[in-house]
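Chemist: The chain contents come next:
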Amino acid sequence: DTGVSQNPRHKITKRGQNVTFRCDPISEHNRLYWYRQTLGQGPEFLTYFQNEAQLEKSRLLSDRFSAERPKGSFSTLEIQRTEQGDSAMYLCASSLANVGTEAFFGQGTRLTVV
Amino acid sequence: QQQVKQSPQSLIVQKGGISIINCAYENTAFDYFPWYQQFPGKGPALLIAIRPDVSEKKEGRFTISFNKSAKQFSLHIMDSQPGDSATYFCAASPSGNTPLVFGKGTRLSVIA
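Chains A and B, in that order, are what the protein sequence lines are. If you read the first sequence in my numbering, its first letter stands for residue 50, the second for the next number, and so on. If you read the second sequence in my numbering, its first letter stands for residue 1404, the second for the next number, and so on.
In isolation and in its complexed conformation, chain B is listed as follows (with noise of 0.2 Å):
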């Protein structure tokens, strides 16, 4: 059972481009959401992250979007850039120090 659903697997944005990818969550006791971004041959980084008492958080051309009623969250990546180009999850856990539940990941590639 996908306890984390996330969606589009793969996208293709223009440089300059806002890209946007989807998360959808089942289990309420989830209470916080991290993003990571993760380049071929490395590990996974973290990117930027959220707790459900905001709606929104931005970190430079990063903002992470909550819908804590619809157990959405989404992740907004402004002025895409070539070097954006990776693969990116998200993932979501009871708390901040306890084992993460990851989506598939979607494949960004932003082109020229």
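Excised from the complex, chain A in its bound form (with noise of 0.2 Å):
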């Protein structure tokens, strides 16, 4: 499969753990979205990159909320200290720097913090 990869695709974590999610994109895909949707909403965005730099943050991610994208092509989303409120699908979106191209989503990680 060469869709947009993440792991794990459910997380269940206790309040004040921290938790780490990976996200795999196209491979010739150099732009990275990481967006959060709760039930019944749509899709908010939180970051993403072109590259290894991080373009734009999303007044949602809070200081316990930290992205990285290394060397350009896999990406993880830490939350530090887990609230409840972090329970949510964290859904991780790559395309081409291209104006115009289509971004493709993968299937999220679910995350119930308990």
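Hint data in this document are derived by calculation from the structure and do not stem from the laboratory. Predicted model only: the values in this text are computed from it and were never measured. Built from N, CA and C at the ideal position, the CB exists for glycine as well. Heads up, some of the hints might be wrong.
[Stated by the list, open to error] Not close to chain A: a few residues of chain B, all C-beta gaps over 12 Å, as computed:
1. Leu1414
2. Gly1420
3. Ile1423
4. Met1481
5. Asp1482
6. Thr1501
7. Ser1512
[As the list claims (entries may be wrong)] In silico SDA-like links for lysine to any residue, alpha-carbon gap of 25 Å or less:
8. Lys1461(B) with Lys1474(B)
9. Lys1445(B) with Asp73(A)
10. Lys1507(B) with Arg58(A)
11. Lys1507(B) with Phe114(A)
12. Lys106(A) with Gln66(A)
13. Lys63(A) with Ser111(A)
14. Lys1460(B) with Ser1472(B)
15. Lys106(A) with Gln1406(B)
16. Lys1408(B) with Phe153(A)
17. Lys60(A) with Lys1445(B)
18. Lys106(A) with Phe153(A)
19. Lys1507(B) with Glu93(A)
20. Lys1507(B) with Ser136(A)
21. Lys1408(B) with Arg108(A)
22. Lys1474(B) with Gln90(A)
Two chains, two separate frames, one set of hints: put the complex together.
Modeler: As structure tokens, this is what we get:
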């Protein structure tokens, strides 16, 4: 499968623990996006990268959230000191940098904080 | 502040009927308007997208109508099928390669 791959698919964690998610984009895509989706809502933008450079962070991305894309390939999203409000689906998407190109989404990582 | 407003929240259509979902936007810098389809437990998948230089785009049973002056766009699904039952999201961005702003979604149920 050459689509966007996210791991793990599901994560249950206790409040206060740290969690890390991984996203492997489509190989030739240089843009990578993270979104968060809560039940009954549309995806909300968190942050995005062009190659290894983080271009923009949403104000939704609190200090407890950090994202990296160290070699311009895969990316990780870490949440420190998780809170129940962090429970959501975390979606990764990738695209080429050209204007008008489609963003392809992965299947997401569903996080449940108990 | 919600920049893309989507309606209705849910929609029930008979098989063979036309499903219509509407979106309105506020930011005049938006110039790329995609529609995504999402099945439970899956990520969103692009259905069709339009740029404001055209007023309509059709791909198979799916058509986007775009009204730049009203800042509105809509998705029409012709000959709706039970397999179309999913959640549909409109989105917008200042260009096709920048972060998307999504509507809240419309849950479509197509009944036989």
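Chemist: Hints first: check each against the structure and report whether it holds.
Modeler: Results of checking the hints against the structure:
1. Leu1414: 15 Å, holds
2. Gly1420: Check passes; 24 Å lies beyond 12 Å.
3. Ile1423: 18 Å, holds
4. Met1481: Non-interface label on Met1481(B) holds, nearest chain A Cβ at 22 Å vs cutoff 12 Å.
5. Asp1482: The claim holds: Asp1482(B) sits with its nearest Cβ about 25 Å from chain A, beyond 12 Å.
6. Thr1501: Violated, since 8 Å does not exceed 12 Å.
7. Ser1512: 15 Å, holds
8. Lys1461(B) with Lys1474(B): 19 Å, holds
9. Lys1445(B) with Asp73(A): Holds, at about 16 Å.
10. Lys1507(B) with Arg58(A): 23 Å, holds
11. Lys1507(B) with Phe114(A): Judged against 25 Å, a Cα distance of about 23 Å means the pair holds.
12. Lys106(A) with Gln66(A): 23 Å, holds
13. Lys63(A) with Ser111(A): The given pair, whose Cα atoms are some 19 Å apart, holds under the 25 Å limit.
14. Lys1460(B) with Ser1472(B): Since the Cα atoms of Lys1460(B) and Ser1472(B) sit roughly 17 Å apart, the hinted pair holds (cutoff 25 Å).
15. Lys106(A) with Gln1406(B): The hint holds at about 17 Å.
16. Lys1408(B) with Phe153(A): Distance ~23 Å between Lys1408(B) and Phe153(A) Cα, so the pair holds.
17. Lys60(A) with Lys1445(B): Within the cut-off at roughly 16 Å; holds.
18. Lys106(A) with Phe153(A): Holds: Lys106(A) and Phe153(A) sit about 19 Å apart, inside 25 Å.
19. Lys1507(B) with Glu93(A): Answer holds: Lys1507(B) to Glu93(A) is near 10 Å, not above 25 Å.
20. Lys1507(B) with Ser136(A): It holds: about 18 Å lies between the C-alpha atoms, which stays within 25 Å.
21. Lys1408(B) with Arg108(A): 20 Å, holds
22. Lys1474(B) with Gln90(A): 22 Å, holds
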